[in-house]
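Visitor: Assemble the complex: chain A is given as a structure, and chain B must be docked to it using the hints.
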Amino acid sequence: MSKVVFKRPKALADVVTHYCPGCSHGIVHRIVAECIDELGIQERTVGVAPVGCSVLAYNYFNVDFFEASHGRAPAVATGAKRARPDLIVFAYQGDGDLASIGMAEIVHACNRGEKFTVIFINNTVYGMTGGQMAPTTMPGQVTTTSPYGRDVNQIGWPIRMCELLSSLKTDGFIARTSAHSPAEIIKTKKAIKKAFELQVANRCFTFVEVLSTCPTNWGMMPIQAQKRIEEELLPYYPLGVFKSPNGDASKS
Amino acid sequence: MVEVETVTGVRIDKERCKGCELCIGACPKGVLAMSTKINSKGYFYAEAVHPENCIKCGLCAISCPDVAIEVYR
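So the sequence lines, in the order shown, correspond to chains A and B.
Residues 1 to 252 (our numbering) are what the first sequence spells out, left to right.
Residues 1 to 73 (our numbering) are what the second sequence spells out, left to right.
Okay, chain A solo, but in the shape it has when bound:
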């Protein structure tokens, strides 16, 4: 019998996703499912789905799921975690959901030090609704609501969520990774695994931002979109661990 190098994780449902070809959501779903498998927490994990492209995430994981209203996933996760501290709760949100309408919920959940995990997919655009400008859209980026490119004099600069949340004094694990190459995907897996491990140990609020591609709304081939992350996004959104509960922040 041959040895398995890579196989579909059990916590990932055996269905074809609705995501566009090359979308990073599938990669991050697979990583989350693998972490759930490896930690043996499938029976007590509850996810919170956002509004956005990943609104149907509840169909793709073999764990229980809530569907939160737009931006309110951290509030729903707070309720679930406080009512049942034995559960492992994770919220899965995009940038239009978390950094725009859900800004209050995420900042206060982080500030209260709620002991759940947030996976934040940052693809610098609203995906599901047709590629509108998000708070994380890059300067000059053309979207359907910024046809001349994002003008930072009018709209301000993109919001860097990891930097913003890591400025709060409350203990937490805050990291930014990317999904643009196999090496970075492996690092993303490490960060998400660390976040779930900290939650299993009941340590602190955990937040992992993943820079992701949106080939459809960026108007690029998937491989070009990965290059865009490397060339355009990384200089503005540095990768690394911004805060860890021991206080030893280290940038990769």
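Don't read these hints as lab results, they were simulated from the structure.
From the three backbone atoms N, C-alpha and C, an ideal C-beta is built for every residue, glycine too.
Mixed in with the good hints, there may be bad ones.
Unchecked claim - Taking lysine-lysine pairs in the DSSO-like style, the calculated list, with each CA pair at most 30 Å apart, reads:
1. Lys193(A) with Lys29(B)
2. Lys41(B) with Lys227(A)
3. Lys193(A) with Lys227(A)
4. Lys56(B) with Lys227(A)
5. Lys29(B) with Lys3(A)
6. Lys7(A) with Lys41(B)
7. Lys56(B) with Lys3(A)
8. Lys29(B) with Lys190(A)
9. Lys29(B) with Lys10(A)
10. Lys10(A) with Lys169(A)
11. Lys56(B) with Lys193(A)
12. Lys10(A) with Lys56(B)
13. Lys37(B) with Lys190(A)
14. Lys194(A) with Lys56(B)
15. Lys10(A) with Lys190(A)
16. Lys3(A) with Lys14(B)
17. Lys7(A) with Lys29(B)
18. Lys169(A) with Lys37(B)
19. Lys190(A) with Lys7(A)
20. Lys37(B) with Lys7(A)
21. Lys14(B) with Lys190(A)
22. Lys37(B) with Lys227(A)
23. Lys29(B) with Lys14(B)
24. Lys7(A) with Lys14(B)
25. Lys14(B) with Lys187(A)
26. Lys227(A) with Lys14(B)
27. Lys29(B) with Lys227(A)
28. Lys56(B) with Lys187(A)
29. Lys14(B) with Lys41(B)
30. Lys187(A) with Lys227(A)
31. Lys193(A) with Lys3(A)
32. Lys194(A) with Lys7(A)
33. Lys227(A) with Lys190(A)
34. Lys187(A) with Lys29(B)
As the list claims (entries may be wrong) - Where chain B lies over chain A, by a calculated footprint (3+ residues, C-beta under 8 Å):
35. 12–18
36. 23–34
37. 174–188
38. 212–225
Guide: Same frame as chain A, now just chain B:
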């Protein structure tokens, strides 16, 4: 499923593949290429054209957003 476990190298579920070509960029050995045929959804799918060069590193599988690839050693 028994058949799957005796296979070595990459195994691509062509019905899951959406033809994004990320696995081709991830492969260090040029094992994969796009097929000239389409699957039932109408996507050109990836296939192993040089399976003899495969080193079973699994980079194609971790890059696949649709988890269409399994790798056996």
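Visitor: Decide, hint by hint, whether the structure agrees.
Guide: Evaluation of the provided hints:
Under the criterion of a C-alpha separation no larger than 30 Å, the hint pairing Lys193(A) with Lys29(B) is consistent with the structure, at around 29 Å. Simply put, Lys41(B) and Lys227(A) have alpha-carbon atoms about 27 Å apart, close enough for the 30 Å limit, and the pair holds. The suggested pairing of Lys193(A) with Lys227(A) holds, with an alpha-carbon distance near 26 Å, which does not exceed 30 Å. For the hint linking Lys56(B) to Lys227(A), the alpha-carbon distance of about 25 Å falls within 30 Å, and the restraint holds.
The straight-line distance between the Cα atoms of Lys29(B) and Lys3(A) is roughly 20 Å, inside the 30 Å bound, and the hint therefore holds. Simply put, Lys7(A) and Lys41(B) have alpha-carbon atoms about 23 Å apart, close enough for the 30 Å limit, and the pair holds. Under the criterion of a C-alpha separation no larger than 30 Å, the hint pairing Lys56(B) with Lys3(A) is consistent with the structure, at around 10 Å. Taking the CA atoms of Lys29(B) and Lys190(A), the gap is near 25 Å; set against the 30 Å cutoff, the hint holds.
The hinted pair formed by Lys29(B) and Lys10(A) meets the criterion: a straight-line CA distance of about 29 Å does not exceed 30 Å. A threshold of 30 Å between alpha carbons decides the hint, and for Lys10(A) with Lys169(A) the separation of about 37 Å lies outside it, so the pair is violated. For the proposed pair Lys56(B) and Lys193(A), the alpha carbon gap of about 24 Å is at most 30 Å, so the pair holds. For the hint linking Lys10(A) to Lys56(B), the alpha-carbon distance of about 21 Å falls within 30 Å, and the restraint holds.
Proposed proximity of Lys37(B) and Lys190(A) is contradicted: the alpha carbons are some 37 Å apart, above 30 Å. Straight-line distance between C-alpha atoms of Lys194(A) and Lys56(B) comes to about 26 Å, which keeps the hinted pair within the 30 Å bound. For a cut-off of 30 Å, the pair hint linking Lys10(A) to Lys190(A) stands: about 19 Å separates their Cα positions. A C-alpha spacing of about 22 Å is found between Lys3(A) and Lys14(B), which places the hinted pair at or below 30 Å, so the restraint holds.
With a C-alpha separation of about 20 Å, the suggested pairing of Lys7(A) with Lys29(B) holds against the 30 Å cut-off. A threshold of 30 Å between alpha carbons decides the hint, and for Lys169(A) with Lys37(B) the separation of about 56 Å lies outside it, so the pair is violated. Straight-line distance between C-alpha atoms of Lys190(A) and Lys7(A) comes to about 18 Å, which keeps the hinted pair within the 30 Å bound. Distance hint between Lys37(B) and Lys7(A) is fulfilled; the C-alpha atoms sit about 25 Å from each other, no more than 30 Å.
About 29 Å separates the Cα atoms of Lys14(B) and Lys190(A), which keeps this hinted pair within 30 Å; it holds. This hinted pair checks out: Lys37(B) and Lys227(A) have alpha carbons roughly 27 Å apart, not beyond 30 Å. The suggested pairing of Lys29(B) with Lys14(B) holds, with an alpha-carbon distance near 20 Å, which does not exceed 30 Å. Under the criterion of a C-alpha separation no larger than 30 Å, the hint pairing Lys7(A) with Lys14(B) is consistent with the structure, at around 15 Å.
Pair hint Lys14(B) plus Lys187(A) holds up; C-alpha atoms about 28 Å apart against a cutoff of 30 Å. For the given pair, Lys227(A) sits about 26 Å from Lys14(B) by alpha-carbon distance, which is consistent with the 30 Å threshold. For the given pair, Lys29(B) sits about 20 Å from Lys227(A) by alpha-carbon distance, which is consistent with the 30 Å threshold. Note on Lys56(B) and Lys187(A): the hinted pairing holds, with a Cα-Cα distance of about 20 Å set against a maximum of 30 Å.
At most 30 Å may separate the alpha-carbon atoms for a hinted pair to count; Lys14(B) and Lys41(B) meet this at roughly 10 Å. Only pairs whose Cα atoms come within 30 Å are accepted, and Lys187(A) paired with Lys227(A) is accepted, the gap being roughly 18 Å. For the hint linking Lys193(A) to Lys3(A), the alpha-carbon distance of about 23 Å falls within 30 Å, and the restraint holds. Proposed proximity of Lys194(A) and Lys7(A) is supported: the alpha carbons are some 21 Å apart, at most 30 Å.
Taking the CA atoms of Lys227(A) and Lys190(A), the gap is about 22 Å. The hint holds against a cut of 30 Å. For the hint pairing Lys187(A) with Lys29(B), the CA-to-CA distance comes to about 22 Å; that is within 30 Å, so the pair holds. Proximity of the stretch 12–18 of chain A to chain B, defined as three or more residues with a beta carbon under 8 Å from a beta carbon of that chain, is established by the 3 residues found. Residue count for the stretch 23–34 of chain A with a Cβ under 8 Å from a Cβ of chain B: 6. That meets the three needed, and the coverage hint holds.
Check result for the stretch 174–188 of chain A against chain B: holds, 4 residues qualifying (beta carbon to beta carbon below 8 Å, three or more required). Note: the stretch 212–225 of chain A has 4 residues with beta-carbon separation from chain B under 8 Å; the three-residue rule is met and the coverage holds.
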